[in-house]
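J.: Each chain sits in its own coordinate frame; assemble them with the hints.
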Amino acid sequence: MNKRGVKYLDFEVDKLTKSIENVATGDSFVTEISAFKQSDTKFTTKSSGWLFDWKKELALSDREVYKLTIQNNPGILQGVVSFTLENDHVYMPLIESAPFNRGKNKVYLGVPGNLVAFGCRLSYQKGFGGFLSFHAKTKLIPHYHKTLGALPFSGQLMIIGPLQSEKLVSHYFKS
Amino acid sequence: MGLIKEPKDVDFFVDPRLLSKTEKEAISKYIRDYKKKMIKGKRRKKKQAA
Numbered sequence: 001m002n003k004r005g006v007k008y009l010d011f012e013v014d015k016l017t018k019s020i021e022n023v024a025t026g027d028s029f030v031t032e033i034s035a036f037k038q039s040d041t042k043f044t045t046k047s048s049g050w051l052f053d054w055k056k057e058l059a060l061s062d063r064e065v066y067k068l069t070i071q072n073n074p075g076i077l078q079g080v081v082s083f084t085l086e087n088d089h090v091y092m093p094l095i096e097s098a099p100f101n102r103g104k105n106k107v108y109l110g111v112p113g114n115l116v117a118f119g120c121r122l123s124y125q126k127g128f129g130g131f132l133s134f135h136a137k138t139k140l141i142p143h144y145h146k147t148l149g150a151l152p153f154s155g156q157l158m159i160i161g162p163l164q165s166e167k168l169v170s171h172y173f174k175s
Numbered sequence: 176m177g178l179i180k181e182p183k184d185v186d187f188f189v190d191p192r193l194l195s196k197t198e199k200e201a202i203s204k205y206i207r208d209y210k211k212k213m214i215k216g217k218r219r220k221k222k223q224a225a
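Going line by line, the protein sequences match chains B and U. Position 15 of the first sequence, counted from 1, bears residue number 15 in my numbering, the numbering being contiguous throughout. Position 1 of the second sequence, counted from 1, bears residue number 176 in my numbering, the numbering being contiguous throughout.
It should be emphasised that the hints constitute simulated quantities derived from the structure, not laboratory data.
Derived SDA-like pairs (lysine to any residue); straight-line CA-CA distance at most 25 Å:
| id | chain 1 | residue 1 | chain 2 | residue 2 |
| --- | --- | --- | --- | --- |
| 1 | B | LYS46 | U | ASP190 |
| 2 | U | LYS180 | B | GLY26 |
| 3 | U | LYS204 | B | PHE153 |
| 4 | B | LYS37 | B | THR84 |
| 5 | B | LYS55 | U | LEU193 |
Pulled out of the complex, with its shape left as it was, chain U reads as follows (with noise of 0.2 Å):
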């Protein structure tokens, strides 16, 4: 991975505004989701290592 460069004519800005209540629910239902999923695939590589 080289330096991480954007491009000479892109500025990056975020918009600045806070999450609201609905996109805090919904990155949290996608984190846990994820971490199942996660969990689920250690537990799947332990059987099939068994």
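One chain only, chain B, in its complex shape (with noise of 0.2 Å):
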């Protein structure tokens, strides 16, 4: 448990396989899912073309906090979402890819795919069955249920399920 209280898995790093392509050699590289922490934040700033305030996420008691990384490469953040654990399910209040994984000229692809697998995987053991819920930006519900299988749930709300949670689960992660 950590300094505010908020379980975070009692794992140290999770690795998933076949997870992120780099875009130019098209090579796929292991990734590892680990707790973010204080000492991360220093990587997160604005003046480094991070949009969110990831410092400020870690500070809120309610949130937990992971960052994406390829395997023997921890110093180089791929990616950083936020979740909270709902009576019933994860939510995702953000989610947010390095600045050099964005854009036409993004230098890895899979890194939203890899985070919100994640968010899946802590649903099922949170024994929330693998229920996700996240509010998407409204162009991107279409790109969200194509490459995630996500539903429309409400406005801009989507979910995934069981099925798909299961799937996104199975294929990210080798236990």
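T.: The following block contains the structure:
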């Protein structure tokens, strides 16, 4: 348990297989997900191109914040995500790919898929059966539906149910 | 299922806000209904198999 009473999962690092792909070379890399810590906030500053204030996010008492890195390259954050644990599912208030993984010249593809799949796994581990929800940007709703299998719920709210959740988890996490 | 890739010209963001009380209730109802449906489906399959 961390200082704020949020119960992080009882693992140090979670490995994901065949996870992200270098756009230029087509090579894929094994990634890892671990708790985002205070010491990581120096890598996610606005001056280095990050859009959200992850230091502020980490300070919120109801958030669990995680980072995605490539195996054996823990110093470079590929993306960051935060979750809240609702009564019966996991909600994802914030997700961001690293500045170099955004835009037409992004270095790696697949970062959001990794992070969302991790959220689905978290949902299973917390006993929520794989349910995960988030508010999508309106124009991205079709993309979330197509790539992640998320279903439009109400307005911008989308939900990933057990069937799709299981697919994402079994694809990325080998037990 | 291949690598789950976003299109090159698309960046994934969510709308950074929390769930309202109404949304939480609606999702809870959806989850309850989904679970009920699953249980019913399993019972029906068991009956058919018997």
